[in-house]
Structure formats: C-alpha cells, structure tokens
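*Asks:* Now for the letters of each chain:
Protein chains: 2
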Amino acid sequence: MPLPISLQDVRAAAGRLAGVAHRTPVLTSRRADERAGAQLFFKCENLQRMGAFKFRGAYNALAQFTAEQRRAGVITFSSGNHAQAIALAAQLLDMPSVIVMPADAPPAKLAATRAYQAGRADSEVVLYDRYREDREAIGRRVAAERGMTLIPPFDHPHVMAGQGTAALELMEEAGSLDALLVCVGGGGLVSGCAVAALGLQPGIAVYGVEPAAGNDVQRSVARGEIVRIDVPDTIADGAQTQAPGKLTFEVIRQCVRGMLTVSDAQLVAAMRFFAEAMKLVVEPTGCLAAAAAFERVVDLRGQRVGVILSGGNVDLVRYGRWLAGEPD
Amino acid sequence: MPLPISLQDVRAAAGRLAGVAHRTPVLTSRRADERAGAQLFFKCENLQRMGAFKFRGAYNALAQFTAEQRRAGVITFSSGNHAQAIALAAQLLDMPSVIVMPADAPPAKLAATRAYQAGRADSEVVLYDRYREDREAIGRRVAAERGMTLIPPFDHPHVMAGQGTAALELMEEAGSLDALLVCVGGGGLVSGCAVAALGLQPGIAVYGVEPAAGNDVQRSVARGEIVRIDVPDTIADGAQTQAPGKLTFEVIRQCVRGMLTVSDAQLVAAMRFFAEAMKLVVEPTGCLAAAAAFERVVDLRGQRVGVILSGGNVDLVRYGRWLAGEPD
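Chains A and B, in that order, give the protein sequences.
Residue numbers for the first sequence, in my numbering: 1 to 328.
Residue numbers for the second sequence, in my numbering: 1 to 328.
Hints were generated in silico from the structure; no laboratory data involved.
Check the hints yourself; a few may be wrong.
Listed next, with one range per pair, are the computed distances between beta-carbon atoms [claimed, not checked]:
{"id": "1", "chain 1": "B", "residue 1": "30", "chain 2": "A", "residue 2": "317", "range": "16 to 26 Å"}
{"id": "2", "chain 1": "A", "residue 1": "103", "chain 2": "B", "residue 2": "120", "range": "51 to 61 Å"}
{"id": "3", "chain 1": "A", "residue 1": "265", "chain 2": "B", "residue 2": "265", "range": "49 to 59 Å"}
{"id": "4", "chain 1": "B", "residue 1": "203", "chain 2": "A", "residue 2": "104", "range": "49 to 59 Å"}
{"id": "5", "chain 1": "B", "residue 1": "67", "chain 2": "A", "residue 2": "115", "range": "51 to 61 Å"}
{"id": "6", "chain 1": "A", "residue 1": "120", "chain 2": "B", "residue 2": "172", "range": "30 to 40 Å"}
Reference listing, derived: stretches of chain A covered by chain B, where coverage requires no fewer than 3 residues with Cβ under 8 Å from a Cβ of chain B [claimed, not checked]:
{"id": "7", "stretch": "192–203"}
{"id": "8", "stretch": "319–325"}
Here are some, though not all, of the chain A residues that point toward chain B, as calculated from beta-carbon distances under 8 Å [as the list claims (entries may be wrong)]:
{"id": "9", "residue": "27"}
{"id": "10", "residue": "107"}
{"id": "11", "residue": "108"}
{"id": "12", "residue": "110"}
{"id": "13", "residue": "120"}
{"id": "14", "residue": "275"}
{"id": "15", "residue": "276"}
{"id": "16", "residue": "279"}
{"id": "17", "residue": "281"}
{"id": "18", "residue": "312"}
{"id": "19", "residue": "316"}
Where a beta carbon is used, it is the ideal one built from N, C-alpha and C, also for glycine.
The following block holds chain A by itself, in its conformation from the complex:
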C-alpha cells in the first residue's frame, strides 16, 4: 500500500503554517544529555499556539476547506488538544466549530476550547461519556445533521502532513540526526514526522513511544494488523487512544523502526526534570518521547537524537501535586 502522505505534503503544510503557527524553539540541556547518554534536541511544541503540536494539523486541514465547507464549518471529536487546535484554527479562519469532547477531559482543556469559541453562537462543545459512548458515531451524526466537515484527530492526510512540520523544523535547526523519538496516541504526529524525517534523511531511526498501559500501536505492529484495546488507564491523557488509525498504522508499519513504552511513574519523573532543569511545563503525554530517552529504553548511546515535546496542557492542580511529590 502506498503511503498516504509524502514529504511534499509536509512541505506544502509548512507553507500554509508559515506566519500562523509558532516556529517553536529547539532547546538543549547538558543535564538531559547526561541523563540519556546521548545528545538530545528538544522540539518544544509545548510552546506552540494553544500549547501543543495539534495546531499544525488542524490548521493545515481547515486551510484547505472549500468556500462551501467553510460556511458550514468543522466538527471533530478529541480527548483534548485536538479540540483546542480545531477551535483555534476555526476561529482564525472564521468558521463555525463543534467539538465532541469526553466529559472527563481535563477542566483546563475544556475551558480553553470554549474560550476559542467565545462570541460565536454557531460554535459549541458537545460532551460525551468516553467509557460508554462512541465519539466517532456522535461526530458523524452531528456532521450529517449540520452539513459540517469532520476532521478527525489523527487519521486524515492533511492532519498527518501538518503534524509532520514539527519534524521538518526540528531537522532544519538541529541538522543531521541519528534518531527521532515521538509520542504516539493515534499516530498522527509520529506518522507525519516519520515521513518528513525519512524524506530528509533516509537512514534516520524513528521510534514511537506509548504509555505502557496503552500500547495499542505496539501490539498492532507486532500482530501486523490493528489491535483495539480498552480505554487505557494512564496519566498520558493524549495517548488514551484505543487503536491507531488505518492511515497512521500504515505509515507506522512501514516507517517506524520500533515502538517503545514507558510507565506513568517515568512520565512523572520526566515532568519533574523538565520543570527543574529546563524550566518547561510539559504534559504527561508530551513527556513520552523524552522519558524513553531518559530511561534508555532503546540504545541511543552517543547519538544525536531529536525528541518531540508534544504539548504542555495540564491541569495546574494535578501538575503542581506531581511536582511537589504529593499523592495525585
């Protein structure tokens, strides 16, 4: 099966995002390098607009809507950051948005999503129970009723190509890399980044990192077909997906060298490291890739390694307790 996106698609997305998305900094840290035994280049997508890489894919998708699609607007379902990304992109492109979100999403993410829709009577957040209801079915029903275009959180070529611009920028800045570590929920980020990275540098080793409790992609790759798991119990709420997408799985299968996992305790240790040593707030999901490097889950000794810090949207009270070492 041919890949659903190419380096050319990622480059075109970069053109659409120029001057709209932040070109986030690439930071380095001697202490991080000592921890990992490698030279790490952190792409700080926690400093991206709305606090996560998701803005890239959402804007790249919405910017390609026809005039008619723009009038009816966009609908999506998301556990958080994609919701905010679509709401912000819709606001910037002046179109209605409906966001289907789990009722137990972090309060900060719900509030931020609604803030981007403020002042638009044609836009709203629809809540659902993620342990009982099917968000995709709800999304498809509302889309049909209102004539809106559904942009799913990861399994869409325009979304995947948009996310890949993070790797494009990272490699432009850091130069040649031996490996690239990327967190994996549904696989939109890792698939876009893998296509960009391999397109620029065919020998690079791209690794995906999941929470140990939610290794649906690791299992899918091992089995050679998409495996669906129960909603995983992990603090990495952006990676609580139950299965990769059809398109993202195909890219992962062909382009990702290995799927790694880390524990929630390792994510908390990484969050504390980023706050203390690098002065960065990184959400649990955003720590997946870095935690794999810090815990040396794969041998990267002496290598030049790109690490994507995917986002920083975390409930402040929970986050503060993690930093203070108090019970969650």
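Could you slot chain B onto chain A? The hints should help.
*Replies:* Just chain B now, kept in the frame of chain A:
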C-alpha cells in the same frame, strides 16, 4: 557623575558571550497581552544556562581576568543565582571558585552550585547566616586570605555590562519598544539593560520592579541617596537585597523612569499564569517585571513592552504547592 558603563561595554560583553551563553527565545502570548492591555515581548532568561540571566554578567567578568587572577580564582557572595553563575563560569574557564551562600538559600540552588564545582578540590561553598552575618565582610576576608578576586553579584561594571546583553538581544529581536520592565534586586540587571536600551533607543521608558516588601531601590530613588532596609520578607528570594549598589544606584537614578512594586500574591498569580498559559517555569523574582504588567501598576495601554523573565530556579516542592494552590 558619569555612568559606569556604556552601550559599547554591553556590546563588548555580547561578543564575549557569543557561542557561550544561550541566545534565549523571545516569546509572545495573546493571553498575556489581553491581561496587560499591551503587546508584551518576554525575554526568557529562565531558559538561560544555569536557569537565569546571571550567567551573562558572571561570565563577562571572569572572561576578563588576567592569567594571574585565573590561577587564584574567583570568590563571590550570593543569595542564589549569581552563585550558580559564578560556579558555572569558573568551571567553563577552568578556575577555582569559592561561593559564600546564605544557609537558608533554596536547596535546589545550593545543590546546583555544588554540582558545578564537582571534581575540583580547590572549589567550595561557604555557608553563612544572612540574618546575623555580613556576607560582604566574609567574602572580603576569604578573598584576602586566598588571593582570590571578588566578583560581587551586582555592583561591578563587568557584571552590569554582561546583564545588559539580555536587553540588547531582546531589542534586536522584538524591534522598537515603548517600554522595558526589569526586575530589581541589587540593580545589576536593570542598570545594564537600561544603558543598553537607552543607547539603542533613547526614548524608551525603562521601569524597575521590586517586591513591595523590599522596595529599597524605590525608597533610595525617592530619597536621592542609598537607603538600607532590613532583609525583606518576600518569596522573591533574588530580590531580598537590602540596598542597591553605588554603581547600580547611579545608573538607576539617571536612566530608570520609575520604580514599581508588586506583592507576593501577585507574583504567585503570575507564576501560575506562566505555567498554565505559556508552559514556562518562572521563579518568583523572575515574575516581578511581568506581574507589574499584568497588574497594570503603570499605564502601558497599547504599548509595545519588553519584559525580562529573569530566571526559573525555584524549589520544586514549594513551586508545585504554589501551582496547586496549597499553603506554602
């Protein structure tokens, strides 16, 4: 009285720091602008090496030592960030260092300072009681005994010129500014930045910001002479100075348009804002300038305003509790 430093000194410092100090990013935030009613450009010195702007001044001073001075090494006294800065600069320039630190300095700062001296038998941290002993006297005594050169935390032309490079870089990146807000402890940062800013753009309004409980500089400016206060009770530990220096006071008197103050509660609110909206860990002292903008302590409506986030070195447990809204 002529100014002790010039724009030319700041430019020379920038040359010494090139490729050694980080060129820290200048970040913007729509939410921050709404809060302040102005367009803010944040110079992120919390992302500087060792977590604060202090590295600039320390390195600029040590890089100008003679060969003989280098052999004997450097001594300093500091409530925290200058200590780490001197220890790191001494490590990079391969010279002995003795740091006189208050016994109640944040544990993270003590540990970090010692880490930079690791492996050097000729380097050490000397603790003192800041409520009973005179750190300057201790520093002078050890300097005399060991033939070391004393580099004080702020009242030194090379230190002041080094700190000014933060404003130089900020204005190169942000372009023309109407105002610049800078935190004030002993006045090293604000005096260097004021000289740089006014040199580049004579009409700019430079404001210094102190904790309300420790407004020694505000009082000194009002009185027209240096006023000495008791050790102030504030969470802004980097601004617990009792008086400005002779050199820094002269620059402040001539170049700073106004001295402002904010409360500890306003610093906590700013810390929470930076973590939540901008994903940055900023220490209490580092929030002084931003808090003045957020609280609209001076009228900056519609202006383009540079704001220096001076550092991010904060004890993680206390910081986590502040974020979680728990008792300190």
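*Asks:* Work down the list of hints and note, for each, if the structure agrees.
*Replies:* Results for each hint:
no.	hint	result
1	30/B - 317/A: 16 to 26 Å	holds (24 Å)
2	103/A - 120/B: 51 to 61 Å	holds (57 Å)
3	265/A - 265/B: 49 to 59 Å	violated (34 Å)
4	203/B - 104/A: 49 to 59 Å	holds (53 Å)
5	67/B - 115/A: 51 to 61 Å	holds (59 Å)
6	120/A - 172/B: 30 to 40 Å	holds (39 Å)
7	192–203	violated (count 0)
8	319–325	holds (count 7)
9	27	holds (7 Å)
10	107	violated (11 Å)
11	108	holds (7 Å)
12	110	violated (14 Å)
13	120	violated (17 Å)
14	275	holds (5 Å)
15	276	holds (5 Å)
16	279	holds (3 Å)
17	281	holds (4 Å)
18	312	holds (3 Å)
19	316	holds (5 Å)
Going down the numbered hints, you'll see the structure goes against 3, 7, 10, 12 and 13, while the others check out.
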